[in-house]
Every structure is written in structure tokens, then in C-alpha cells.
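K.L.:
Chain residues, written in single-letter form:
There are 2 protein chains.
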Amino acid sequence: MKNKIITISREFGSGGRTIGKEVAEKLGIPCYDGEIIDKVAEESGFSKEYIEQNGEYSAHRTWIGRSLSASSYGATMSNQDAIWVAQRRVILELAEEGPCVIVGRCADVILRDKAELLKVFIHADTAARAKRIVEIYGEREQSPEKRLADKDKRRIAYYRYYTDSEWGVAKNYDVSLNSGKLGIERCVDIIVSLYK
Amino acid sequence: MKNKIITISREFGSGGRTIGKEVAEKLGIPCYDGEIIDKVAEESGFSKEYIEQNGEYSAHRTWIGRSLSASSYGATMSNQDAIWVAQRRVILELAEEGPCVIVGRCADVILRDKAELLKVFIHADTAARAKRIVEIYGEREQSPEKRLADKDKRRIAYYRYYTDSEWGVAKNYDVSLNSGKLGIERCVDIIVSLYK
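Protein chains in written order, with our numbering: chain U, 1 to 196; chain H, 1 to 196.
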């Protein structure tokens, strides 16, 4: 019997994490986000910060740099590959445990055929996301728009590299919502009603 | 004061037209779909069948063929361009009249900044759409999968050519729904609740 799992893919700053937590709370099931990083850190030995930086985002590096860095350690895998493997195993284990919400980390693709999925994508326009990341994470040297563009680019590249799928294409999800336009609460209500 | 308008972009066979009609009925507002074709036929002189074939789908032709066919009539526009212009004008006029639902025909892009839009995209996997088009339109010589692939390709090309936007990218809509997975009725309910 496959577990019913909600996967939430989200643009940086769209409130997807908040939506995931609230949905899980209303449904009385766990929401996994930071917990995945803790478990991957335990399994892999990498620090939480390093996993946070490399578990959803392609690094700034060239393909040549990538293969050199792997081979210079005599390894067959880059660090990013090692994190992907550990992260994938953690997600598969969590999905075995029971119904839950999983935020990000390509869980929609990793759990394909492994669970009964409700695949959600949360997005918002740049202005709404820029406002949100300044509220939550504060100002940085880089403008919020630049930070968003950088995160978007690296997340799209990461998703494509490890899943062979296109990020943010409506067909890949059961429901895609513009949280900036609709508001967090309405997104939560729709997802909860679809899960039931 | 801008009118509140629901635009429904949809994959062929996803039930988007049915969803549009039901949403409009529940909200007590008009739904424009075939009516647009009638009006464009009146304005342009093209037959309804010709408009149906060319008002949302790029024709099977090369760019060379296209420019030759335009210039051989001494015209600056192809037939498809003429239909686009008439269709665009009809959609702008309808949007002025009052709140409504408009199915297809790039209305989401045509009405950008012209109305208060709720932009919806309806999709479904190929199996669900193949089943539906056989039920509604009957069997054809071509397999339903082949018919879908052909329609998809031509609609994507049409949309890109006239709007410079990418068809089916979640960010371009406020809500995107998989009608094959969620069912027509749940899609209707979500759209109605978001409009209110």
C-alpha cells in the first residue's frame, strides 16, 4: 500500500515552505524540509550549511571544473552527487514511513511510482518574492531581484541535471498556484481540499 | 474600472471548455468560446470551419510557404494573421462588456493589463485526453495519441508566434490544474472559489 504524499516544489521566496508546514498541520501529518538536511548530514558527513547550499542548487562551476574536481580526488562522484544520493535515500525512507508533506529536493520525481502523490508547484512573480525574501531573510549586499535570479537559475539547472525534467512546466504537477496573487491561505486551503 | 475575467488556456482534450462553461454557469456570467468564432466569421468573412482550424493552431507550412502565400496575393498579412487581428479585436470588445469566462485564443495575453484576470491553465496526461477526445469527437483514421501530439505541437507554435510567451509554463498562469487527476468537478470548484 503506497502512502499519500504531497510534494511541494516551489520557487525561492514564493512561500512554498510556509504553505507546506501549514498544510501538514491542518492534515495532521509531518512536513519534511529542514529535517531532510539533518538526516542527510548524519548519513553523509557533510555539514548542514554545505547540504543546504548544494542539495537543491547547482554550484557555480563549469563541467570541466566539475569532472576535474571529481577525478582529482580519485572519486567517481562529485560532492553534489554524493549529497543527491544520500538525499534520495532519505526521501525514499521518509515516504515509506507514512503520509507526509515533502518540500523541494526533487521529491516529485524521486517518488514517482513509489507513493500516491499530489504534486504541487508554488510560484509568484518577482516583486512578490523579492518583498518576501527581504522580510524573511533580511537585506543582503546583492539586490533581492539578483538573489532570486541566481537561485532560480541554479535550481532549474539542478532539477534538470538530476531528473531530466523541466522545472516549472505545469504538466509536471497536479496543481500549480501563484501564491503572490492568490495568497498563502488560499493556497493552503486548495491543497488541503485536494488531499482529502 | 476593469472587468473581472477568467481566461482558460487548455490542452486539447483536457476538458477545459467544459470546465469554462460550468464555471460560468455557477458564477452567472457568460462563457465565450464558439461565440468568438461566430463573431470573427462575421467580421472577417472567413468561414467558421476555417477560423476553427486557424484561430488557435499554426498551419502545417514552412516560413517560405507562408511568406509566398502572403505576397502572392499582394497582401501584407497571411490569412492566419488576419484571423488573429479580428479575433484579438473581438476578445477586447467582449472584455469591455462585463465579467466573463474566455476559453483559449491567447486571451490571457491579449487581455494582460486590460482586465482583472484570473488566468487558468487546464492540462491532463495523454491517456486521459485520448480517452476524452474519442468519447467526444469519435474515432478518426489517426490514433487519438497522434491527433493530440499534432494539436499540441500546432497550438504551442501558434501561442509562441503571436504572444512571444511559452505555452504551459506554470508561471504564466495563476492556477494550473491536472483535470485528468483531479476531475472536472474539483477543477470547477477551485476556479469558482478563486473568482469570488
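Treat the hints with care, as some may be off.
The list makes no distinction among identical chains, and a pair is therefore deemed to hold if it is satisfied within one copy or across any two copies.
What the hints assert, rightly or not - Derived lysine-lysine pairs resembling PhoX-like cross-links, with alpha carbons at most 25 angstroms apart:
1. K171 - K131
2. K151 - K171
3. K4 - K153
4. K146 - K114
5. K146 - K196
6. K151 - K2
7. K4 - K146
8. K181 - K2
9. K153 - K171
10. K181 - K21
11. K2 - K153
12. K39 - K21
13. K114 - K181
14. K131 - K39
15. K39 - K4
16. K48 - K2
17. K146 - K2
18. K181 - K4
19. K171 - K181
20. K21 - K48
21. K196 - K2
22. K26 - K196
23. K26 - K181
24. K2 - K39
25. K196 - K114
If you are wondering where the hints come from, they were derived from the structure by calculation, not from laboratory data.
These numbers were taken from a predicted model, which means no experiment stands behind them.
K.L.:
Would you mind marking each hint as holding or not holding in the structure?
P.N.:
Results of checking the hints against the structure:
1. K171 - K131: between (28 angstroms within a copy, 18 angstroms between copies)
2. K151 - K171: both (22 angstroms within a copy, 16 angstroms between copies)
3. K4 - K153: Intra 31 angstroms, inter 34 angstroms, cutoff 25 angstroms: neither.
4. K146 - K114: Neither: 37 angstroms inside a copy, 29 angstroms across copies.
5. K146 - K196: For K146 and K196, the Cα distance exceeds 25 angstroms both inside one copy (39 angstroms) and across copies (35 angstroms).
6. K151 - K2: Neither, since 33 angstroms and 35 angstroms both go past 25 angstroms.
7. K4 - K146: neither (37 angstroms within a copy, 33 angstroms between copies)
8. K181 - K2: between (34 angstroms within a copy, 17 angstroms between copies)
9. K153 - K171: both (20 angstroms within a copy, 15 angstroms between copies)
10. K181 - K21: For K181 and K21, both the intra-copy (20 angstroms) and inter-copy (24 angstroms) Cα distances are at most 25 angstroms.
11. K2 - K153: Neither: 34 angstroms inside a chain and 35 angstroms across chains, both beyond 25 angstroms.
12. K39 - K21: Within. Shortest intra-copy distance 18 angstroms satisfies the 25 angstroms Cα cut-off; inter-copy 49 angstroms does not.
13. K114 - K181: between (33 angstroms within a copy, 17 angstroms between copies)
14. K131 - K39: Answer is neither: 31 angstroms inside a copy and 44 angstroms across each miss the 25 angstroms cutoff.
15. K39 - K4: Within. Shortest intra-copy distance 22 angstroms satisfies the 25 angstroms Cα cut-off; inter-copy 48 angstroms does not.
16. K48 - K2: neither (30 angstroms within a copy, 49 angstroms between copies)
17. K146 - K2: Close neither inside one copy (41 angstroms) nor across copies (33 angstroms); limit 25 angstroms.
18. K181 - K4: between (28 angstroms within a copy, 14 angstroms between copies)
19. K171 - K181: Both, since 20 angstroms and 11 angstroms are each at most 25 angstroms.
20. K21 - K48: within (20 angstroms within a copy, 51 angstroms between copies)
21. K196 - K2: within (16 angstroms within a copy, 36 angstroms between copies)
22. K26 - K196: Both, since 11 angstroms and 23 angstroms are each at most 25 angstroms.
23. K26 - K181: both (22 angstroms within a copy, 22 angstroms between copies)
24. K2 - K39: within (22 angstroms within a copy, 51 angstroms between copies)
25. K196 - K114: Only inside one copy: K196 and K114 sit 20 angstroms apart there, 37 angstroms across copies, limit 25 angstroms.
Hints 3, 4, 5, 6, 7, 11, 14, 16 and 17 from the earlier list are contradicted by this structure; the remaining hints agree with it.
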